[in-house]
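J.: Protein chains in written order, with the numbering used here: chain A, 1 to 262; chain B, 1 to 262; chain C, 1 to 262; chain D, 1 to 264; chain E, 1 to 264; chain F, 1 to 264.
Do not rely on the hints blindly, as some may be mistaken.
Here are the computed lysine-lysine pairs in the DSS-like style, where the Cα-Cα straight-line distance is at most 30 Å [unchecked claim]:
hint, chain 1, residue 1, chain 2, residue 2
1, A, Lys27, E, Lys214
2, E, Lys239, E, Lys19
3, D, Lys180, D, Lys31
4, A, Lys170, C, Lys170
5, A, Lys27, A, Lys121
6, C, Lys258, C, Lys51
7, F, Lys221, C, Lys254
8, A, Lys172, B, Lys27
9, B, Lys121, A, Lys170
10, C, Lys254, C, Lys210
11, E, Lys96, F, Lys68
12, A, Lys175, D, Lys25
13, C, Lys163, E, Lys229
14, D, Lys96, A, Lys181
15, D, Lys180, B, Lys27
16, D, Lys25, A, Lys163
17, F, Lys68, C, Lys27
18, F, Lys221, F, Lys31
19, A, Lys21, A, Lys210
20, A, Lys210, D, Lys214
21, F, Lys214, C, Lys254
22, A, Lys210, A, Lys181
23, F, Lys16, F, Lys240
24, E, Lys221, A, Lys251
25, D, Lys241, A, Lys175
26, E, Lys239, E, Lys96
Rough simulated footprint, nothing fancy, chain D against chain B, three-plus residues with beta-carbon under 8 Å [said to hold, decoys possible]:
hint, stretch
27, 21-32
28, 128-136
29, 195-209
Note that these hints are calculated values from the structure, not bench results.
Heads up, the beta-carbon is just placed ideally off N, CA and C, and yes, glycines get one too.
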Amino acid sequence: MSQILWNLSADKVLATLREGKRSDGRKFDEYRPVQVIKNVSENADGICRIKLGQTDVVAGIKMIPGEPFPDTPDAGTISVGAELLALADPTFEAGPPREGSIELSRVVDRGIRESNCLDFKSLCIREGELVWVVFIDIYVLNFDGNLFDACALAALIALQDTKIPKLDDKDKPVKGEFAGKLKLARKPVMCTFVKVGNSVVVDPSLAEEKALDARFSVTTTEDDFISAFQKGGEGAFSPEEINKCVALAFKKGKELRKQYCE
Amino acid sequence: MSQILWNLSADKVLATLREGKRSDGRKFDEYRPVQVIKNVSENADGICRIKLGQTDVVAGIKMIPGEPFPDTPDAGTISVGAELLALADPTFEAGPPREGSIELSRVVDRGIRESNCLDFKSLCIREGELVWVVFIDIYVLNFDGNLFDACALAALIALQDTKIPKLDDKDKPVKGEFAGKLKLARKPVMCTFVKVGNSVVVDPSLAEEKALDARFSVTTTEDDFISAFQKGGEGAFSPEEINKCVALAFKKGKELRKQYCE
Amino acid sequence: MSQILWNLSADKVLATLREGKRSDGRKFDEYRPVQVIKNVSENADGICRIKLGQTDVVAGIKMIPGEPFPDTPDAGTISVGAELLALADPTFEAGPPREGSIELSRVVDRGIRESNCLDFKSLCIREGELVWVVFIDIYVLNFDGNLFDACALAALIALQDTKIPKLDDKDKPVKGEFAGKLKLARKPVMCTFVKVGNSVVVDPSLAEEKALDARFSVTTTEDDFISAFQKGGEGAFSPEEINKCVALAFKKGKELRKQYCE
Amino acid sequence: MAKKTGSEETVTYVDKSGKRLDGRKADELRKIKVEVGVIPRADGSAYVEWGQNKVLASVYGPRECLPKHLANPYKAIVRYTYRMAAFSVPDRKNPKPGRREIEISKVSGEALARAIFLERFPNTAIDVDVEILDSNAGTRVAALTAASVALADAGIPMRDLVAGIGVGKAGGHLLVDLNKAEEDAPDAVDIPMAILPNLGEVVLLQLDGLMTQKEWEESQKLAFQHVKKVYELQKEALKKKYAVEGNSGDMEAGARAAEEGVVE
Amino acid sequence: MAKKTGSEETVTYVDKSGKRLDGRKADELRKIKVEVGVIPRADGSAYVEWGQNKVLASVYGPRECLPKHLANPYKAIVRYTYRMAAFSVPDRKNPKPGRREIEISKVSGEALARAIFLERFPNTAIDVDVEILDSNAGTRVAALTAASVALADAGIPMRDLVAGIGVGKAGGHLLVDLNKAEEDAPDAVDIPMAILPNLGEVVLLQLDGLMTQKEWEESQKLAFQHVKKVYELQKEALKKKYAVEGNSGDMEAGARAAEEGVVE
Amino acid sequence: MAKKTGSEETVTYVDKSGKRLDGRKADELRKIKVEVGVIPRADGSAYVEWGQNKVLASVYGPRECLPKHLANPYKAIVRYTYRMAAFSVPDRKNPKPGRREIEISKVSGEALARAIFLERFPNTAIDVDVEILDSNAGTRVAALTAASVALADAGIPMRDLVAGIGVGKAGGHLLVDLNKAEEDAPDAVDIPMAILPNLGEVVLLQLDGLMTQKEWEESQKLAFQHVKKVYELQKEALKKKYAVEGNSGDMEAGARAAEEGVVE
């Protein structure tokens, strides 16, 4: 759609929200249906494809032995990349990552890293010499809004699914053999809100994202911690709105975790 | 020439071919004269400049000691780069390699690599530690059609011409001293056809390339093997056309090999 | 200002010079006032911000242990980068360095390197293993002409100011501890002239640079050596003009060195 | 890289009962699955599973060609982008497009172009993007197979579908649709091909390795013979979608492709 | 990277007398200095020292948006570029902009945009560039603080100034304006915020680390309470410049910002 | 890199009979060969061998300047690209243009610009591309020498030809046209220069190393004295081509250059 059509669409989204309704009939705090698809790639060490409504993303894990950082010789690490594939939307382009995908991948990265859901010390193979680098590569296959939650959830389930390759005596992975599963200490679930006019809704559709004034993502854990915030968009939130979002994120996070991550 | 002029030129090429003639008077299976110029660069370990008609290319070899790939600790390797220099044509631009030069360099690379003309094991200096990397850098100096054959031939003759540097005890090349010549087990020669309308001709001129529907390159060896194919262009070939090209490529390859590679 | 306004400004600069005057009232051989500001960054190992008139640049030094080049195992090295920050001028853009900043950083680099003002051998930590790499990063904060002299002077004073970090037994710098100061054997000072019409003036203002036909930089040392030349611009100098510039550069260099580098 | 020789030399690529390493016969394709319309945002899309290979293809266009200086006033241009997901290969692939991907994109786009009535859409671009999610030899032909179905799904008028197939040699045997283990044979020759089955034309053809003229001619015959299977699967998938969805609006061409095997 | 644990665990982040490692109280800001108009070439500029952090900000615009396809026919766009000097960190920073800098630039530009009457300047760009010359935790909020003052200095009409502040947790204590040593605490949570103080709105908010809902609500209160100090310093600096320079021409808006605390 | 000292210190750069390492006298140029019109596709071209240095230069233009925002409404712009082939140096050069090549391109383009009547061709670009095929000190002056002849061959009206020359110092001796071995002397100073011989102007001048004012003035004299030889070779080469090819059409200016030594 052209910018003009999106502007008309945005007007309609706003008008509908003012009447207390969402254009796709959902309640303000209602997620679209989630579909979890596994085994999408045998070459991945862990994999998960998520459909959140029509938003379609896939996260794949590769465990690669590498050198530790000098200041953490006994700890592995993660590396997250998210790519908005040209096939997912008429406006996405092949090319180097833009700021949108950089923000997306960094938010997913911190959501995993800072929640301490992975024990980086357990990813040490030989202190000072060799550690696991957990590569998390996420691709957006169809764009219909709320990439943040879809990508974070796909990454989490893919990590849960990940088998650690067995290494031979030359530190090369032995094809088809595994030394166990990756262990997660926590399951951080991200929950994203957008504000359109004065309404705040969860799990925005594409039309709602195109109409948004501001976006706010809250990641929560099963042991009742907030583990991440990210605010975006050219609008603002009041402190009260933020607190409401946080409370709702705990509730929704619990539901999503129960349904898809156990 | 502008696109419009090239379109007129293409019409003329096509009309001429329909009359059974080529615009420069050659027969359909006739190459332009080839001129081989050596010693173009003393700093190269091997060098060959080829003029094929007015197409002018130079291939230079540098033998550089490097680490082997982990999965082939006892084998050297090659690296081929082809650059369409801005000085060679009004439409070429300085800058990162485009798909045209990437295809060209990869086709030359595979033509050498997959024909087993170089014994990669003989390029091992110390297993697991040091091997020869044979850098083949090709530059197009004047563009008058059929870069594929000109570049492949220049690369082959440059390899034939290559002296292996002598290394001192710190593995640094000793200036001006050599440990022998690079040995080639085979001499793969590429032969390129273009189809314009229903005519198929060998060694296309620039005007013929601008008029082409499809392009087909066949590399053959002196021991009667096909070693490479590459089809390009937005047109198609019938199976019969392909088979005819293959047969002719053997004949033309033999002639070129005899004249320029012995 | 648009190109048209700069053209008008250039006409005025030229007319004024023809009357034997400069548009800002300075004499032809007169520098603008220089202000030296130190301690701009505690994280830098050496730092100097220079205001030359309204031209404002900062040079910071980081001493980083690194591997020596194979052919100089007992010598450290320097690396100079100069960036024309987007905040310094309406026409500067964020992005990869353009030819202007590349020339600037290379001229500053050679001015230090080739004058032998740093004893690279004294920057060796352990021969063949570890040497100091002296990173000199220069940022232009406000552009009002004559970046060459401002950046060269800032780099020199920052080097004079540099403390060598103390390394622990793992070759990591110990925070806040130093093993001494960097020693300079010479103090090369650059002096830049521009030619507008038939007039040659020192320390060009922005308006004079926009009007310039040619630029000429001369670096001199306190022991009466020329250590660098760099000519730029689409104009030319006569041999006599060059010799006059050289003579004046010695005089001005002496003054600047005395005032700001002792 | 030089191919490894060694223990592999004793591998038997076709055993006495005529079976290959994975149990197939010499001229047997791996299992192929074709789905249409898998990416709702796209004008056309398809998903192909071909053995372990998994490929998504989307089509956007014909649409305005930007930047404009790339537009052709006489016809549409095809921009084909072949990319492999980082996790789609045994080692992790650097996400930055490599030279291999750029070359494959070029020759594949040229192959597709032949099948489209490009001259009907001057000054436009048809963007075809394929993503490889999992791989085991033969991804470029699986990708073209998917891309061609996605074009039909987008309702773009075509001369014929483009069907991909691999032929080649391993352990001295001519084989159809080599898998990775076979491609690693010391004497392996892999020949990816794309064919317009109804028109009997070859639009993509690459070969690397050593093969006699006679072996090639035999291989080409095998390709033409077995590409029909791929073609049938493409048509079935299109038929299946358009049988369900009906036959309205811009789906017409795709529907016709399903009915008649060829779009026009 | 995983945070180091070890000897640090025994660090006392707030001692018995209520003092932090650097002597501050739990809710005490570091020393902040704001200067206006430090870059003569720019349309507006500001310099902020915030503890060890040193930040320069410049504004160019509103001006023609190039390349034109980025322009918005309904409003000005804000292009915010946050960069760290190579020597501004303990190790040398690679001068090439990293992903961290790109993300910070994006969310900071969005934060600033809220404060500006963008719709008055359709098809234009407002370029805001900030350079970090020295750093010790909290650079992005210091940068936004400087950028907002530079916008006022450029005479750009604004709803409110944007004031930055950090809040968070270290060693179990909720703290205002964490420094680097505190951010390195094993349980550290850093929450950079940007606030429109008069409107009571949050325009930038990021959090990483583990924190209870209650701790967050407490932290947010601290932020709103102490951001006023930052706001006062911004206004003072603007007042100081425009008191001296007078009140003419395009300085008007900036001057008014100084007088009234809000530009419009 | 720091220059190596050591065994080199005992090298005698000019022996008792006045001979240099390669047998030349102190003020003797290496052997120079100039050919015109070596690249048929180009509007003008030239080849220069200068000792071991081998340089090709081409000229395209004056032609429309794209992208248009680079065009100057008052004159043509010169875009000079100096590149070294990967195999043209003792170690392999990374084919990506380095900072050295970019700087040389900039100052060389400015040097050439002085010689051309640019104001006659507003809004156009003159693209000059030089490729170094083999090197042994002095490539930038060989390149300018070739480029200037290529400009004349393209029929572009010029004030004068641009002739390159190197002067400098090694082992305490002032030398003309240093080779690599001489440039590696511990006290080496290399001074590449480009001169408009008829106008007596210096358009390129760089110096690195330590030299007294007196030595420089002596060196400059040597440069002006010996650049005439280069100039003669340029003129001869142009004369040779146009004597054979005749004097028609757009070759006119080049021919006149050959006849009169200066184009206008």
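J.: Hint by hint, note whether the structure agrees.
T.: Each hint, compared with the structure:
| no. | hint | result |
| --- | --- | --- |
| 1 | A/Lys27 <-> E/Lys214 | 27 Å, holds |
| 2 | E/Lys239 <-> E/Lys19 | 33 Å, violated |
| 3 | D/Lys180 <-> D/Lys31 | 15 Å, holds |
| 4 | A/Lys170 <-> C/Lys170 | 27 Å, holds |
| 5 | A/Lys27 <-> A/Lys121 | 43 Å, violated |
| 6 | C/Lys258 <-> C/Lys51 | 17 Å, holds |
| 7 | F/Lys221 <-> C/Lys254 | 26 Å, holds |
| 8 | A/Lys172 <-> B/Lys27 | 57 Å, violated |
| 9 | B/Lys121 <-> A/Lys170 | 21 Å, holds |
| 10 | C/Lys254 <-> C/Lys210 | 28 Å, holds |
| 11 | E/Lys96 <-> F/Lys68 | 28 Å, holds |
| 12 | A/Lys175 <-> D/Lys25 | 25 Å, holds |
| 13 | C/Lys163 <-> E/Lys229 | 37 Å, violated |
| 14 | D/Lys96 <-> A/Lys181 | 29 Å, holds |
| 15 | D/Lys180 <-> B/Lys27 | 43 Å, violated |
| 16 | D/Lys25 <-> A/Lys163 | 33 Å, violated |
| 17 | F/Lys68 <-> C/Lys27 | 40 Å, violated |
| 18 | F/Lys221 <-> F/Lys31 | 21 Å, holds |
| 19 | A/Lys21 <-> A/Lys210 | 17 Å, holds |
| 20 | A/Lys210 <-> D/Lys214 | 60 Å, violated |
| 21 | F/Lys214 <-> C/Lys254 | 18 Å, holds |
| 22 | A/Lys210 <-> A/Lys181 | 40 Å, violated |
| 23 | F/Lys16 <-> F/Lys240 | 40 Å, violated |
| 24 | E/Lys221 <-> A/Lys251 | 23 Å, holds |
| 25 | D/Lys241 <-> A/Lys175 | 38 Å, violated |
| 26 | E/Lys239 <-> E/Lys96 | 37 Å, violated |
| 27 | 21-32 | violated (count 0) |
| 28 | 128-136 | violated (count 0) |
| 29 | 195-209 | violated (count 0) |
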